[in-house]
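Trainee: Chain residues, written in single-letter form:
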Amino acid sequence: MGNLRYVANAFVALGQEVMVTSNPNDLRSASAIILPGVGAFSDGKRNLEKLGFIEILNEEVIEKGKPYLGICLGMQFLAQESYENGCHKGFGWINGNVKRIKPCESKYKVPHMGWNNVQVQRKDGLFVGLGEGPVFYFVHSYCLDIEESSFNYVTSTCWHGVRITASVQKENIFGVQFHPEKSQGAGLKLLKNFVDTASGATNA
Amino acid sequence: MLKKRLIATLLTRNGRIVQSVNFRHTNVIGNAFTAVDFFNTWAVDEIVILDVSLNKNFREKFYEMIQGLSRRCFVPLTVGGWVTSIEDIRTLLKTGADKVVVNTEAVKNPGFVTDAARIFGSQCIVISIDVKLDTNNVYKVYIDRGKEATSLSSEEWAKKVQELGAGEIYLTSIDRDGLLQGYDLQLLQSVTSVVNIPVIASGGVGHWQHLVDGINIGNTDAVSAANIFHYTEHSTKNAKEFLHKAGVDARETVFYKVTQPRRPVYEIDYRV
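Those sequence lines, one after another, are chains A and B.
The first sequence runs 1 to 204 under this note's numbering.
The second sequence runs 1 to 272 under this note's numbering.
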């Protein structure tokens with residue numbers, strides 16, 4: 001809940017009109033959809049199903065091409081499956097699975113928590129004006145393991161005793177593992193880039 | 001690689017920011033909102049807000065303040081003071097805290113730490129340890145805002161809270177608090193050498209070199225200061241630059257140009 005409020009606050013700070021809703025029908029009138037999330041994959045997914053979000057998300061994001069930004073758990077939902085406490089189906093929008101972080105050395109702690117720099121692979125989209133290695137705030141124990149066939153969707157990675165997918169983009173679908181709403185200037189800049197991309201998409 | 005963190009700590013008493021020397025409150029600094037706005041633009045990595053009011057009477061006002069601050073704070077916000085129940089933690093997290101600091105209640109009821117870590121996750125439970133050096137040269141843990149001595153030594157209590165499920169330790173030297181003489185480095189080493197959860201150094205910063213010492217000699221993951229940040233222009237930014245020059249792997253203070261409307265509208269359409 002706190003996370004959701006921060007994301008909303010960040011977009012308000014950028015001058016955007018924000019609606020926080022649990023009613024999937026509200027997505028139809030939105031010009032972009034943001035799904036932030038902390039917590040367990042299975043609970044989050046079950047709630048989305050129960051409230052009827054899955055079908056409408058598919059219509060709006062996949063069929064109509066509305067810009068989508070998934071933050072943290074919202075990015076992990078893009079996967080085909082998550083292995084957090086069992087095996088759970090994701091949206092399946094990107095080929096990959098969600099697995100526990102397994103660092104090579106014990107000095108890298110799980111959860112991966114704190115400020116870490118990312119290696120930007122694609123400098124367009126969300127990373128315009130952010131340079132080679134911007135620093136973002138991470139808090140997570142699981143990460144999105146992308147299948148080789150989808151490697152070209154990875155827009156940045158970071159190192160925490162293991163290579164971690166920090167962000168992805170597939171056309172109108174964006175995902176970030178870190179928390180831009182907690183990453184000060186770099187985070188606000190990234191969210192502003194999302195707004196610009198999204199409004200560009202709407203104008204086109 | 002995770003960056004070393006620079007933390008600004010704000011002490012609030014009855015809704016106003018105060019300064020502290022050896023845990024006695026000295027002058028009132030004023031408005032928390034101004035402070036957070038400055039820290040936000042000045043590249044601090046985290047903000048810690050501790051309610052050091054003498055009683056719980058101003059609690060509602062404190063929650064209101066945290067909620068207001070969370071609207072303009074785009075770094076992790078850690079909040080503590082008077083946290084004695086699971087419900088207190090839940091309220092703070094809902095109000096806008098990312099992590100919650102527990103002190104006195106952890107000593108009185110160690111099971112509380114385990115319960116809190118199980119319910120909210122270790123990463124959001126920070127145990128604050130206030131320490132004074134006694135006449136036998138032992139670092140003794142104090143509770144209730146430094147007023148009540150316990151029989152615990154800082155090392156044994158630090159090890160214990162890690163076992164109980166704490167995600168982080170906020171370690172303050174009461175003797176050094178507010179004296180501008182630097183951290184008690186021996187205290188920092190004694191704790192960082194026995195735990196492997198992150199330790200935040202607190203108490204005594206009078207010069208930016210003290211921050212470097214806290215990290216390089218005290219082996220801490222984060223360094224915090226309070227008083228020193230209030231009186232200098234661009235204080236946290238200068239502190240950051242000093243850390244960089246000293247070779248500390250801290251987040252850089254890059255300025256990203258983000259156009260924000262002059263008067264943001266704070267109304268969010270909540271339909272949940």
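Hints listed in this document are in silico derivations from the structure and should not be mistaken for laboratory results.
Remember, it's a predicted structure, so these values are computed and weren't measured experimentally.
No residue lacks a Cβ here, since even glycine has one placed at the ideal position from N, Cα and C.
There may be inaccurate statements among the hints.
[Claimed, not checked] A short, non-exhaustive set of chain B residues, derived as facing chain A with CB atoms under 8 Å:
1. L2
2. R5
3. D45
[To be verified] Within a straight-line C-alpha distance of at most 20 Å, the following computed PhoX-like cross-link-like pairs (lysine-lysine) qualify:
4. K140(B) to K160(B)
5. K107(A) to K94(B)
6. K123(A) to K160(B)
7. K56(B) to K94(B)
8. K109(A) to K159(B)
9. K107(A) to K56(B)
10. K109(A) to K160(B)
11. K3(B) to K109(A)
Trainee: Given the hint that K107(A) pairs with K94(B), test it: the Cα-Cα distance must not exceed 20 Å.
Mentor: violated, 32 Å
Trainee: Hint check: K109(A) vs K159(B), CA-CA at most 20 Å. Holds or violated?
Mentor: Holds, at about 17 Å.
Trainee: Under the criterion that the straight-line Cα-Cα distance not exceed 20 Å, is the pair K140(B), K160(B) satisfied?
Mentor: holds, 14 Å
Trainee: Quick check on the hint: L2(B) CB to chain A CB, less than 8 Å?
Mentor: holds, 4 Å
Trainee: Was the hint right that R5(B) lines chain A, CB cutoff 8 Å?
Mentor: holds, 7 Å
Trainee: For the pair we were handed, K56(B) and K94(B), check the Cα-Cα distance against 20 Å.
Mentor: This hinted pair holds, its Cα atoms lying about 19 Å apart.
Trainee: Mind checking the alpha carbons of K107(A) and K56(B) for me, to see if they're no more than 20 Å apart?
Mentor: violated, 40 Å
Trainee: Does the alpha-carbon distance linking K3(B) and K109(A) stay inside the 20 Å limit?
Mentor: Roughly 13 Å between the alpha carbons, so the hint for K3(B) and K109(A) holds.
Trainee: Is it true that the CA of K109(A) sits at most 20 Å from the CA of K160(B)?
Mentor: holds, 19 Å
Trainee: Given the hinted pair K123(A) and K160(B), is their Cα-Cα distance within 20 Å?
Mentor: violated, 46 Å
Trainee: Going by Cβ atoms only, is D45(B) closer than 8 Å to chain A?
Mentor: holds, 6 Å
The structure fails to meet hints 5, 6, 9 from the earlier list, while all remaining hints are met.
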